[in-house]
Amino acid sequence: MARPPPLGELPPGYTPPARPATPQILAGSLKAPLWLRAYFQGLLFSLGCGIQRHCGKVLFLGLLAFGALALGLRVAIIETDLEQLWVEAGSRVSQELEYTKEKLGEEAAYTSQMLIQTPRQEGENILTPEALDLHLQAALTASKVQVSLYGKSWDLNKICYKSGVPLIENGMIERMIEKLFPCVILTPLDCFWEGAKLQGGSAYLPGRPDIQWTNLDPEQLLEELGPFASLEGFRELLDKAQVGQAYVGRPCLHPDDLHCPSSAPNHHSRQAPDVAQELSGGCHGFSHKFMHWQEELLLGGMARDPQGQLLRAEALQSTFLLMSPRQLYEHFRGDYQTHDIGWSEEQAGTVLQAWQRRFVQLAQESLPENASQQIHAFSSTTLDDILHAFSEVSAARVVGGYLLMLAYACVTMLRWDCAQSQGAVGLAGVLLVALAVASGLGLCALLGIAFNAATTQVLPFLALGIGVDDIFLLAHAFTEAPSGTPLQERTGECLQRTGTSVTLTSINNMVAFFMAALVPIPALRAFSLQAAIVVGCNFAAVMLVFPAVLSLDLHRRHCQRLDVLCCFSSPCSARVIQILPQELGNGTVPVGIAHLTATVQAFAHCEASSQHVVTILPPQAHLVPPPSDALGSELFSPGGSTRDLLGQEEGTGQKAACKSLPCARWNLAHFARSQFAPLLLQSHTKAVVLVLFGALLGLSLYGATLVQDGLALTDVVPRGTKEHAFLSAQLRYFSLYEVALVTKGGFDYAHSQRALFDLHQRFSSLKAVLPPPATQAPRTWLHYYRNWLQGIQAAFDQDWASGRITRHSYRNGSEDGALAYKLLVQTGDAQEPLDFSQLTTRKLVDKEGLIPPELFYMGLTVWVSSDPLGLAASQANFYPPPPEWLHDKYDTTGENLRIPAAQPLEFAQFPFLLHGLQKTADFVEAIEGARAACAEAGRAGVRAYPSGSPFLFWEQYLGLRRCFLLAVCILLLCTFLVCALLLLNPWTAALIVLVLAMMTVELFGIMGFLGIKLSAIPVVILVASVGIGVEFTVHVALGFLTAQGSRNLRAARALERTFAPVTDGAISTLLGLLMLAGSNFDFIVRYFFVVLTILTLLGLLHGLVLLPVLLSILGPPPEVVQMYKESTEVLSPPAPQGGGLRWGISSTLPQSFARVTTSMTVALHPPPLPGAYIHPASEEPAWSPAATPAANGPSNLGSRGLCPATG
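200 is the number of the first residue of the sequence shown in the numbering used here; add one for each residue after it.
In case anyone wonders, no lab produced these hints; they're calculated from the structure. Among the clues, some could well be false.
Derived CB-CB ranges, DEER-like [claimed, not checked]:
| hint | residue 1 | residue 2 | range |
| --- | --- | --- | --- |
| 1 | G1140 | D1045 | 16 to 22 Å |
| 2 | R1097 | G1137 | 50 to 56 Å |
| 3 | N324 | L1209 | 32 to 38 Å |
| 4 | L263 | T549 | 51 to 57 Å |
| 5 | E545 | V610 | 51 to 57 Å |
| 6 | T549 | R931 | 30 to 36 Å |
Here are the simulated DSS-like pairs of lysine-lysine, each with C-alpha atoms no more than 25 Å apart in a straight line [claimed, not checked]:
| hint | residue 1 | residue 2 |
| --- | --- | --- |
| 7 | K361 | K396 |
| 8 | K378 | K396 |
| 9 | K357 | K343 |
| 10 | K1212 | K921 |
| 11 | K357 | K378 |
Computed from a predicted model, the values in this text were never measured in an experiment. Each residue gets a CB set at the ideal place from its N, CA and C atoms; glycine is no exception.
Sequences are here, hints too, so could you generate the full structure?
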């Protein structure tokens, strides 16, 4: 004899006959899927029963384990380094970055502090003396910043970056130069004498006032010092750098200033300069040759006349360069100023950070509120502070979000009937999910997965919303268990009915987040892995620990104690009597009858002494046709509550103590059954739904074409802050990026000069590269090196022609001529290093502009040692660095003639400026052009790669969309396989995947309409949307699959069972996300709160509206069909047996009983279940008080087995 199907396959409220008279026949091709699902549900049933038996132990051990994992949060590391967050590990960019760090170290050569000035009235011309005077006021205030740390005072002159400080043999001049050498400050004020006021150095010479750049004329000073020191080499150095009169030879913004030098061009005329004309073409630092600041670095929003002459501008920018912490540490290591403070690199970094914060603060406060201009200040420390603030956990928002969720869960699960309320279960469920989230994050910390802003700002709320969904599902299923389920099997029954869908949604969520980890961005990969682990911990908590909470609450309800306040008994505990409908004797339910209605007279007798209630139901029953509804006979009417039938009439005339209000009987399941499903499943409603969702899909496809790539820094910084104002002004007016073209080792630089020049030319021709002025040579080390060699060759030729240099002597020649002499005699041969015959037979640079390969590395040593300003301006950053070599024209020994060759280069770079990069498409175009230039050079044997922030942070967009499509397609395929495996129905899995794909497309299209750009963060959410969408679809699909009847009926039953938990889950997710709306970062609001809220609403609409309609039209056939014997005979109920509820009226009633008469309608529902099973009606009465345990016992379990009683 075949065994009955497991209870999980039957609808709530259905109890198989206690002793079936005929065999149950399993039919159809779905035998294997049903058996597999029954086996899985049997495992879940056994798990639930085991948890219920040992609920206290399970709860204690579960809390202990999760609490132990949560302690891992103590070792959590929050990563704020942009490179570590955004550069893909193992990628091309990552390998290039590692190569750069290996050769140059961890840090950049300098850090930048910037001031941007804009008019308060937009569009106003800023090229006026008044505006520049305000700029000077702000820059001067910022340049005079001092901070006191470690007992020392630190000002700009001590910590600024100084480019190419020369080494001078004369000690007095060297000390003076060290104090006077200017900081590198790129400012429009350098076009005027007032630019000297920003330089804070000073020196003292006897008989002269303090020497500062405001009164220093280098040419005059050298003339005055000439009789006292040999300064010929220093004079040549200044001449090559084209220092001239430095600042004192430039016009004064205010010629009537008492300190305006007499050498200023407008000193005598007293006329204010033409600011636009002076700034046209850019400005210069103290060196005209090596310190040229182009217009684009200083001016923003420029307008020109047809001839290209500068007319106006809308913004000014000044940039102060500081040393890096390593450089500052090295500079003061061993210095008398720091020998007593234990000087370290960490202290150097602290000094720089303190100075930068003070710099920004004073610069922003430098102008009065009523000034016509506004100053925006920014530093590298400001960006670090923003990232740290962005990554901090907001305790207030976390606590607020979880309290809101606690309140919602408690209120949602409270009932008017105290004994049936589950408010405490809701509170415990939310707290359990919170603990599971903490344990998941603690496990991530123990695994070494670094936290970031997405982890701290978003994941706690997202995980809470997702985790509570399953809590609601289990709680709803627990309260709706079949009425005949034994008490000791309630938890097993709950897991048997809901465990499959909870497992399916959790696995899909984990798979979705693991697939999102394919996005090649470390920050988002860490976020995805953390989310997957947290979802796994939530799944373990929901499936293992929460059933123990339900079991404990079941004990409370069984003892009829108050919810939450479980120490007190319910006032309604003595009033509740459950009346079970009697099954028809050996009659059968007529085919086509959806439900039976028996109208009887119920007599309730109350004994005044003991308050016992006895209800007597006479056997007067008849069948009535079902009421008409929107689905004909396919929808079930809601069953009444037996408690509403009971009223007690005391002798004192008091009213009933426990009477539920009409509003208390309304719930989401009632709404779905009686209103939503009948309306949704009408033919015309289905047509409207399909048309509307088709239109939404079409609009979304159009919106998808509007989505642009990109994520600007202004999206991350909170709006309304000074930092956001600076970044907005910078993006609008000064979209410039310093990049470098790096050449690696592995090829011969000396023999690849032509290829290097060609590479530079190709790179310079890119649209985004800012070209140098036509009058200026390219700013690269190879050009500077070649030009320097040509310069000393020209000096040698002059000295040779004049006889100052001969074959045997160079002492009478110039410094440059002597250098050329030493280079020309080099052979590069260790045995014969010198050949004086080459003085007239070779040139340092040939006719093709190339350096002889045998001289290349020796000449590099001489150039690096002799031209520090040129080397600094080239930003070559040679590795290995060429050896130091000192030139003494008067030393004619053979040893002085020998020049050590530099080692073959493994690292060098050409600096460039990229401009006009406003949109992500501009960055992508520039990156592709740069990569193409490097690939072309690679074919010529030159190994090179571009370096800089655009390549670090924007190269991801080259393959982001391809990565996104690949991840979504793979995830949809995985979702199909998982659903098909657990549901054992590919048809249903295909419909689920179709709806999920529509959700993803629609979310992507809505992003386009909202102007949300596509970056790695929305990609993660879009990929995760597939897994999150499963939460809204699989419950409905599983309910449809396990129901019986026509498609409309099964869709309606699925909605009735899942509408409430799915809706509660969606609301809980929205409540979890609500706290994100209060974030100070607009980025969190737009890219997480808005996108995830839209995703939740789309999931709710697709899961509860579109999917039921699709299932009612295209759904798979039922797996199980319930068959009934045709009979119109209705048997009379049997005679009463024993006490308790009994049919019939006693011939005599005790006088001590009072009679209360009422009418009662009992709905007898035939089991609405799927089908290939035949369940004939029992040939004998199926219910009696004595038979109840048997009916609800082993025969009700099928393959799941008997659950032992709770011990």
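Quiz item: If you draw a straight line from the CA of K1212 to the CA of K921, is it 25 Å or shorter?
Solution: holds, 24 Å
Quiz item: Okay, T549 versus R931 on CB: inside 30 to 36 Å?
Solution: holds, 34 Å
Self-check item: Consistency of beta-carbon spacing, G1137 to R1097, with hint 50 to 56 Å
Solution: violated, 37 Å
Quiz item: Is the hinted pair K378 and K396 satisfied, with a Cα-Cα distance of at most 25 Å?
Solution: Holds, because 15 Å separates the two Cα atoms, which is no more than 25 Å.
Quiz item: Is the straight-line distance between the alpha-carbon of K361 and that of K396 25 Å or less?
Solution: holds, 17 Å
Quiz item: Is 32 to 38 Å right for how far apart the beta carbons of N324 and L1209 are?
Solution: holds, 37 Å
Quiz prompt | Satisfaction of the hinted span 51 to 57 Å by the C-beta atoms belonging to L263 and T549 | solution = violated, 43 Å
Quiz item: Quick one, are K357 and K343 close enough, alpha carbons at most 25 Å?
Solution: Holds. K357 to K343 sits at ~12 Å (cutoff 25 Å).
Practice problem: Check the following: the C-beta atoms of E545 and V610 are separated by a distance inside 51 to 57 Å. | Solution: holds, 53 Å
Quiz item: Is K357 within 25 Å of K378, Cα to Cα?
Solution: holds, 9 Å
Quiz item: Honestly, do G1140 and D1045 meet the 16 to 22 Å range at C-beta?
Solution: holds, 20 Å
Consistency with the previously given hints fails for numbers 2 and 4, ordered from lowest to highest.
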